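Novice: In order, the protein sequence lines correspond to chains U and W.
Counting from 1, one number per residue, gives the positions in the first sequence under my numbering.
Counting from 535, one number per residue, gives the positions in the second sequence under my numbering.
The set of hints was computed from the structure by calculation and includes no laboratory data.
Computed from a predicted model, the values in this text were never measured in an experiment.
Please note that a few of the clues may not be correct.
One side of the interface only, derived from the structure: several residues of chain W facing chain U at Cβ under 10 Å [unchecked claim]:
{"no.": "1", "residue": "Ser625"}
{"no.": "2", "residue": "Glu630"}
{"no.": "3", "residue": "Leu634"}
{"no.": "4", "residue": "Ala677"}
{"no.": "5", "residue": "Phe770"}
Quick reminder that beta carbons are idealized off the backbone N, C-alpha and C, glycines included.
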Amino acid sequence: MIGVAGTRALIRLALRRDRVLLPVWVVVMVGMTAATSSAGRDLFTTVTSRIDAAAAINGSPSFVAMLGRIYDPTSLGNTSLIKLTTFGAATLGVVASMLVVRHTRREEENGRLELLGAAVVGRQAALAAALIVTLGTMLVIGALTSLALVATGLPTGGAWAFGMAWAATGMTFAAIAAVAAQLTMSARSANAIALGSLGLFYALRAIGDTVGTADEPAIWSWLSPIGWGQQVRAFAGDRVGVLGYPIGATVVILAVAFVLASRRDLGAGLLPDRAGAPMAPPSLTTPLGLAWRLQRGPFLGWVVGYLMLGFLTGNLAASVGSFASTDQLRDLIRRLGGTQVLTDAFVAYMFGFTACLTAAYSITVALRLRAEEESGLAEQMLATSVHRRTWLASHVTIAVGGATVLSLVAGLSAGIANAMRTGVGSDVAGAVAASVVYLPAIWVITGLAVALFGYLPRASSSAWGVLVAIFLLDELGALLGLPVWARDLSPFAHIPRLPGNAMTWTPLVILTALALGLLAAGVLRFRRRDLTTA
Amino acid sequence: MNMAIIATGLVKNFGSARALDGLDLAVAAGEVHGFLGPNGAGKSTTLRILLGLLKADSGAVTVLGGNPWTDAVELHRRMAYVPGDVALWPSLTGGEVIDLLGRLRGGLNPTRRKDLLDRFDLDPTKKTRAYSKGNRQKVALIAALASDVELLLLDEPTAGLDPLMESSFREYIREERVQGRTVLLSSHILAEAEALSDRVSIIRNGRIVETGSLAQMRHVTRTSLTATLRGVPDGFTGLPGLHNLAVDGTTLTCEVDAVALDGLLSRLASIGVVSLSCQPPTLEDLFLRHYASTTTS
Numbered sequence: 001m002i003g004v005a006g007t008r009a010l011i012r013l014a015l016r017r018d019r020v021l022l023p024v025w026v027v028v029m030v031g032m033t034a035a036t037s038s039a040g041r042d043l044f045t046t047v048t049s050r051i052d053a054a055a056a057i058n059g060s061p062s063f064v065a066m067l068g069r070i071y072d073p074t075s076l077g078n079t080s081l082i083k084l085t086t087f088g089a090a091t092l093g094v095v096a097s098m099l100v101v102r103h104t105r106r107e108e109e110n111g112r113l114e115l116l117g118a119a120v121v122g123r124q125a126a127l128a129a130a131l132i133v134t135l136g137t138m139l140v141i142g143a144l145t146s147l148a149l150v151a152t153g154l155p156t157g158g159a160w161a162f163g164m165a166w167a168a169t170g171m172t173f174a175a176i177a178a179v180a181a182q183l184t185m186s187a188r189s190a191n192a193i194a195l196g197s198l199g200l201f202y203a204l205r206a207i208g209d210t211v212g213t214a215d216e217p218a219i220w221s222w223l224s225p226i227g228w229g230q231q232v233r234a235f236a237g238d239r240v241g242v243l244g245y246p247i248g249a250t251v252v253i254l255a256v257a258f259v260l261a262s263r264r265d266l267g268a269g270l271l272p273d274r275a276g277a278p279m280a281p282p283s284l285t286t287p288l289g290l291a292w293r294l295q296r297g298p299f300l301g302w303v304v305g306y307l308m309l310g311f312l313t314g315n316l317a318a319s320v321g322s323f324a325s326t327d328q329l330r331d332l333i334r335r336l337g338g339t340q341v342l343t344d345a346f347v348a349y350m351f352g353f354t355a356c357l358t359a360a361y362s363i364t365v366a367l368r369l370r371a372e373e374e375s376g377l378a379e380q381m382l383a384t385s386v387h388r389r390t391w392l393a394s395h396v397t398i399a400v401g402g403a404t405v406l407s408l409v410a411g412l413s414a415g416i417a418n419a420m421r422t423g424v425g426s427d428v429a430g431a432v433a434a435s436v437v438y439l440p441a442i443w444v445i446t447g448l449a450v451a452l453f454g455y456l457p458r459a460s461s462s463a464w465g466v467l468v469a470i471f472l473l474d475e476l477g478a479l480l481g482l483p484v485w486a487r488d489l490s491p492f493a494h495i496p497r498l499p500g501n502a503m504t505w506t507p508l509v510i511l512t513a514l515a516l517g518l519l520a521a522g523v524l525r526f527r528r529r530d531l532t533t534a
Numbered sequence: 535m536n537m538a539i540i541a542t543g544l545v546k547n548f549g550s551a552r553a554l555d556g557l558d559l560a561v562a563a564g565e566v567h568g569f570l571g572p573n574g575a576g577k578s579t580t581l582r583i584l585l586g587l588l589k590a591d592s593g594a595v596t597v598l599g600g601n602p603w604t605d606a607v608e609l610h611r612r613m614a615y616v617p618g619d620v621a622l623w624p625s626l627t628g629g630e631v632i633d634l635l636g637r638l639r640g641g642l643n644p645t646r647r648k649d650l651l652d653r654f655d656l657d658p659t660k661k662t663r664a665y666s667k668g669n670r671q672k673v674a675l676i677a678a679l680a681s682d683v684e685l686l687l688l689d690e691p692t693a694g695l696d697p698l699m700e701s702s703f704r705e706y707i708r709e710e711r712v713q714g715r716t717v718l719l720s721s722h723i724l725a726e727a728e729a730l731s732d733r734v735s736i737i738r739n740g741r742i743v744e745t746g747s748l749a750q751m752r753h754v755t756r757t758s759l760t761a762t763l764r765g766v767p768d769g770f771t772g773l774p775g776l777h778n779l780a781v782d783g784t785t786l787t788c789e790v791d792a793v794a795l796d797g798l799l800s801r802l803a804s805i806g807v808v809s810l811s812c813q814p815p816t817l818e819d820l821f822l823r824h825y826a827s828t829t830t831s
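Work out the full structure: start from the sequences and follow the hints.
Specialist: What follows is the structure in structure tokens.
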């Protein structure tokens, strides 16, 4: 393991480049935890209130699939933080992956690492620096989160178990991303591998938790880094020894990353490029043809992911009733309106979550506009006889059309999986409706990204901030006791929750009109502004 | 004369920085026009305004009889552009990019495409991310040169090309001129502009400081010469074509016009030359001598 000279300078460079990004993530994660913890303290004042809440959550497969189980219903920390335990760990996984790729493969792809590599910088220095910064960030977030929890009055042991479980999960995904960055030549593909594996591990533990018993998840949860973080069981036994799994995995995966890095050339990947076509196919004649060509690989990846997600939703929905293992739970379900109500709520919740993911997809595609502009590729396109609106429309078509197809895929896949389990085919249309009903809200977010691109091109990526804010509003707005007008800022808040609720067309029409307005504004502004190249 | 490009009084600000400061540019149809200036003088900004990618803050510009900002798409069918820093879609092959850009411009000549691939020795089956800077440049050049267009805008087109490819490029530009195409070629290398251009415009700090044929701009092509002789040089003062003459003992330093070089050398040889160093004119010299605020002459 030689060749780490210059690591210290690269660490300073990374900290300087991310001097805004890193503190923002620390504040968001720690602040969110502190707010949730103090809200929980006011909400669950008695042991009975916690047991009731825990029974409702553990009895609902949708919650168990998304959030995991509450292992100690009497514990204030376990119950009030259940919304954050798994979701927060996964968020840290995303942050860690993107940080590592940003400071390794992206730098290499842009040729900046070559500039640095010619200075007194060792072969492994960039990887080492990226990992030190990322692992350090995870530890800082974990430690400050623990302190925030102690400050809100939770037991110290549980607080540290919670914070360190988060940090360890983030670190494992940093290691996975470090390997992905060695495999591919493009940062986009490295991110896709890292985030795809995160989605897979999230789904693995969802299966493990729902199929398992009240005391012990099935084996699937133990195959997932996110599952390990949950099984530390902060505030419900504080099994700190389980941290050995993510830490051990991090060490092993990192060793693999460094070995791979030492065996390849600068700029090269381990998955080699093959020779391609000497002539362009007829499909590559229009801006739309090019946009599709650039986006089809990632899109097909998303389709596969959505097939699996829909399959999971449909299967779990079919077995909602069978989870009620105790008389107490069966009684609760009856009082809540019977298993059909539970199934409907589960399906609506899953498609709401899926819709957020779909919105994220449409943002990645819409922001391609900005990436093409910054790199000078838009300049070359627009120096040919291509209208600015045609070029913009080509990427927006993929963003809107892709999101629409993904919604259909999720609905169809869930409906078919459910029908195969229950033998009732009539619900397929219902599942598709429950999924596509979110499209107007997704289009609004796509429109917002395009409007940002038109008016504030340098701030286009703040569309991601808007999506995170919307997601937090939806997930935590009620828990934090935010007023209705604030929660209504989320376009998802206006979508009728299908099935189980009445279909209302008015909000859908209004949202669609709003989306069209945002798109039109973005297009009109883009036609009148200068191209800005980085 | 039929003009391909007429720009008058172009001003462009980026925030508080002024990139163009009242630029005037005239390019006649059918000529190869060199657009010379040091880095950061405003060459690329001018080309982007001519393409309608940027909007001038003030001034008027006409390209091929149209307004590049409002008629961009119609004009772009008749012109091709090679940016200074060529970015390509990394997952496409070079051949695919050439075809794509050509088709979007309204079609490309397959015979010329093949001929250019041979001449520039480019492998069109490679993914563009595997190309060197010079090869990326070739992709953009081939896509532009293989299109049937009236006007070529080339931003430092030979940066990154090796000398062999540079000469292929010059050869091709000369053929283009014979076919009556108009070429605006930006460069910071005087020799390149000299080898190709009918006329040149020299830009500095966002303004054109000199424009005309290089024959008219004799002083631009002066060679700097320093000679140490066997005897004391006498009678050089006042010779035609000789400038900034300085004699120090047996060492003579001067600048000489291209036409007077021959005569000067034979006179030096008659005295006897111990050492001789010549420098072709560079743009930097030109700016130092003629346009710097601290000009001494």
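Novice: Of the numbered hints stated earlier in the document, which are not met by this structure?
Specialist: The structure conflicts with hint 5 only, although it agrees with all the remaining ones.
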